[in-house]
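K.L.:
One letter stands for each residue in the lines below.
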Amino acid sequence: MTDVDGAGVQPSADVISAAADRGPLAMEAMSVSKDFKIGRHNRLHAARDVSFNLYRSAVVALVGESGSGKTTVARLLAGQERLTAGTIRLDGKPVDVSSRGAFRRYKSEVQLVFQDPFASLNPVHTVSHHLERPVRLHQGKKSKEQVRAEVIALLEQVRLIPARQFLGKYPHELSGGQRQRVSFARALAARPSVLLADEPVSMLDVSIRLEMLALLDDLRQRLKLALLYITHDIASARYFADEILVMYAGQIVERGPAEDLTQHPAHPYTQLLVASAPDPDDLGGMLRNGSRPAAQRTEGGAPATVGCPFSPRCPFADDRCRQENPALARVSSIRAAACWHLDIAAPDVLARSQGGGAQNTP
Amino acid sequence: MSADRRVQPAEASPRSPGHSRSPGEPVLEIADLSVVYRTAAGDVRAVNQVSLDLWAGEVVGLVGESGSGKSTLAYGACRLLRAPALITGGTVRYHGPRMMCPVDILELTPSQLTNLRWREIAIVFQSAMNALNPVLNVRDQMLDVIHAHLPVSRDEAMDKVSSLLDLVRIPRSRLRSYPHELSGGMRQRVMIAMALATEPQIVIMDEPTTALDVVVQRDILAQIAELRERLGFSILFITHDLSLLLEFADRIAVMYAGRLLEIATAVDIHHQAAHPYTMGLLNSFPSLHGPRRDLAGIPGSPPDLLNPPPGCPFMPRCGYSRPACAEVDMSLTSVTSSTDPSHLTACPFVLPGASLPAGTESLAMSVPEPGAEGVAP
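Top line first, the protein sequences correspond to chains W and U. Counting from 1, one number per residue, gives the positions in the first sequence under this note's numbering. Counting from 1001, one number per residue, gives the positions in the second sequence under this note's numbering.
Extracted from the complex, chain W is given alone in its bound form:
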C-alpha cells in the first residue's frame, strides 16, 4: 500500500497535542481499554487502546455518537470503572484507586460532571447539602462557619448570585442552567485539577449553552483546570476545545487541533460527522433532492467487529479495511488518523502535512 505508512507510521503518542502548550501535563491515558462481558462468550470493546493527554488550563474534546464509548472513557478516567488494559497516570504517577482512601484522594483531584442536571442532583436535598459534603470530605474543613463560607464561595464561583439565596433551595426550584451550575460547584468543591465534563450542556437550552460553556472556560482559566469535554456536538467542540479526539466504536479514529480538524477532516467518519452537522448557510439544502451528503451510508448499521469498525459505512472501504483494523497513525506532527486510505479519503490533508510540515491552526 502506498498510504501513510510509506512516510513511516509512528505511534500516535508521537503526535503533539494541540492542548500541550496551554499548561503542564496533568493526566495521561495510555492504551486504555475496557471490555464489557455480554453473556458468557461475547465481549463488547467499549474502549480500545485509547491514548491521550490532558493538560492544565486546556480543553480536550472527545466527540462521537452515542455508543461510541465516550462516557466509558470518562468513567475510566474518573476511576469508577476498572481498566481491562492500559494505564492512567495523574501527574506522572499511575492511578491507584484500590482502597477507599486512595479512591477518595484520587477523587479530590479528578471530578466528573454528568449530563443531566435533573438526575444528578438529589431531589430531597438542598443546594447547600449537595455542596457541604464534598467540602467537608475533600477540604477537611471542620467548623460550620468555614464550610458555609466555602459553599458560598463555590456558588459565587459558578455565578449563582446572590449565593445565600440559593443555599436553601431544592433542585426542583432551580432552572436547568442553575442546576448544572450546582453540579459544577459540587465538582469544584473537591478542588480538582482535572474536570471530566460528560455532555455538560446538551440537556440545556441553546440560549443557555453558550453561557455555560463560557463559565466552564472561565473556570478552566482561573483554576487552571485540565478539562475533558465530552460531546456529540462537534461544532461546540470547534469553538470550545484546543484539541478534538473523534471516537468511533470505542476507538479514537482521528485527533488534531480543533479548528484544523473540523475544517479539514481526514478520517471518513469525521468527514461524515462534519457533513451531517446542520449548516445554516445551506438554506433549503435538505429539501433539494440529491443534495444529501455522504450520509447515505448510515444504514450500514453496527460497527464491524473485524477490521476497521467504520468499514460497513465507509465509501472508501475495501478488503483490507474489512480485515485489518488500522491503528491511529501520524498524519502530521499534530494530527493523527486511523484509516488505510487517507490518500483517497483526504488527499488535501496529506498534501498539506507533507508540503508544509507541521502546520498550525489557521
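Incorrect hints may have been included.
[As the list claims (entries may be wrong)] A partial selection of chain U residues facing chain W, derived with a Cβ cut-off under 10 angstroms: (1) R1172; (2) R1176; (3) H1180; (4) D1219; (5) L1221; (6) S1243; (7) E1247; (8) Q1272; (9) L1282; (10) S1287; (11) L1288; (12) I1298; (13) P1316.
[As the list claims (entries may be wrong)] Some chain W residues well away from chain U (every beta-carbon gap over 10 angstroms; in silico): (14) S33; (15) R43; (16) S66; (17) A78; (18) L83; (19) K93; (20) K107; (21) L137; (22) I152; (23) S175; (24) R209; (25) T305; (26) R320.
Hints are computed from structural coordinates only; laboratory data are not their basis. Please read all numbers here as calculations on a predicted model, not as lab measurements. Beta carbons: idealized from backbone N, C-alpha and C, even for Gly.
Dock chain U against the given chain W, drawing on the hints supplied.
P.N.:
For chain U alone, kept in the frame of chain W given last:
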C-alpha cells in the same frame, strides 16, 4: 360513512406533490389561540394569543426554548391537552382537501375529533421509545393504527404496513421486531411511517430528531423532506434547534414565553432577523462551517409565566430594551425594511441588521455578568 361526519375522508387518492390545495387558503389556521395551565397559584399562560398558518405542502418550523409553549401550541391546536391545561380563546380552522368545508377543531365533538386526528392531522412524538408500545411488535402497532382509522381488510392493512416500511426504508424483516430491538433512528422511522399510515394532510413533528446523533438526524430529515415532496403533506416541525430549521423549514416561527415573536421565511430569519430574541438565538449556536465568529448567547432566563411582566416578555434579557418595551402590545406587524410583507415581528423598535449594542460578550473573550441568570422565583 355516517352522514353526521363533517370530516369526510375521501377515498385514498394519489395526491399531486405539494400543491393540491387552492393556493388561496391555508390548510390550518390557528388564530389567537391561548392556553393556560390552571395551578393553585393561578393561571400559567403557556400560549398567549398566538396565530399561525400552515399552507399545503409547507414545512413550518416552530422554534423556542423549553417552556416557550411550542409543544403546548401544537397540542392545543389538536386538542390533545388534558387538564390542568385549558384553552381559553382562539380558533383553529382546518380545511383539508378531503373536507367539504372548513371546521373549527376547537368546536368539534369527540367523535368528529377522532375522525380528524391521524386521518387529517398526525403527530410524530418526541421520544419514540416512549411513544411506541414496548410489548407490541412493529407490525401489530401499525395494524392497530390502520384498523382504527381506515376501513380496510386485514390483508389490505398488511400490504399497507409493508409498503409503509418500504417508504421509510426499513427492511421488511423488521416487521416482527419489538421497539427495543430497533435502533433509535429506526424507531423514529417507525413513528414516521405510522404517522403517514393514513395519508394525513398535516404531520406535526415534535422534536423528532432531538435524541438522535447528527448523522442519523440528517438522514431522517432528508427522508422526511423526500416524503413530503412525494406525498405533499404539510409539516409543523417543533424544535429548539434553530440551525436545523434554517436548513430544513420553508418558514420559521419563533416562540418565547408563550408568544410568537417573529415569523418569516427561513432565508429572512437567517439573513435579516428582526426580533432581538431571534438575533440572539442565531448568535447562540457555534457553526461548524465557515469562519469562526464571535458568539453572544442570551444571558438570563425566561420570565415566570404565572406573573408575566407587562409588555415584551423578552425585555429583561434584551440588549436593545428601552422603557417603551413595557408597553408593547406584542401584536405582529410587518417588518418595515423587508420586501416580504409576510415577515412579521413583535418588536416595533429594532430593525434587521441593527448592530449589537455594546456589552455583549463572546465565548472566547469573557463571561456573563454575575447573576445574569437571575434567581428562580
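K.L.:
Checking the smallest CB distance to chain U, is L83/W really beyond 10 angstroms?
P.N.:
27 angstroms, holds
K.L.:
Holds or violated: the hint that R1176/U contacts chain W, with Cβ atoms closer than 10 angstroms.
P.N.:
18 angstroms, violated
K.L.:
Holds or violated: I1298/U as interface residue toward chain W, Cβ cutoff 10 angstroms?
P.N.:
Holds. Min distance 4 angstroms.
K.L.:
Is S66/W truly not at the interface, in the sense that its beta carbon sits beyond 10 angstroms from all beta carbons of chain U?
P.N.:
6 angstroms, violated
K.L.:
Since R43/W was said not to touch the interface, does its Cβ keep a gap of more than 10 angstroms from each Cβ of chain U?
P.N.:
R43/W clear of chain U: closest Cβ-Cβ about 21 angstroms, beyond 10 angstroms.
K.L.:
So R320/W supposedly isn't at the interface. Is its beta-carbon more than 10 angstroms from every beta-carbon in chain U?
P.N.:
24 angstroms, holds
K.L.:
Would the hint on P1316/U stand, with a C-beta cut-off of 10 angstroms toward chain W?
P.N.:
It is violated, given that the least Cβ distance between P1316/U and chain W is near 13 angstroms, above 10 angstroms.
K.L.:
So, L1221/U near chain W? Judge it on the closest CB pair being under 10 angstroms.
P.N.:
5 angstroms, holds
K.L.:
So I152/W supposedly isn't at the interface. Is its beta-carbon more than 10 angstroms from every beta-carbon in chain U?
P.N.:
13 angstroms, holds
K.L.:
Is the hint on D1219/U kept, meaning its closest Cβ partner in chain W is under 10 angstroms away?
P.N.:
5 angstroms, holds
K.L.:
Find the nearest Cβ of chain U to the Cβ of S175/W and say whether that gap is larger than 10 angstroms.
P.N.:
5 angstroms, violated
K.L.:
Would the stated hint for L1282/U survive a check requiring a Cβ distance to chain W of less than 10 angstroms?
P.N.:
Hint holds; L1282/U Cβ to chain W Cβ min 8 angstroms, cut 10 angstroms.
Going down the numbered hints, you'll see the structure goes against 1, 2, 3, 8, 13, 16, 23 and 24, while the others check out.
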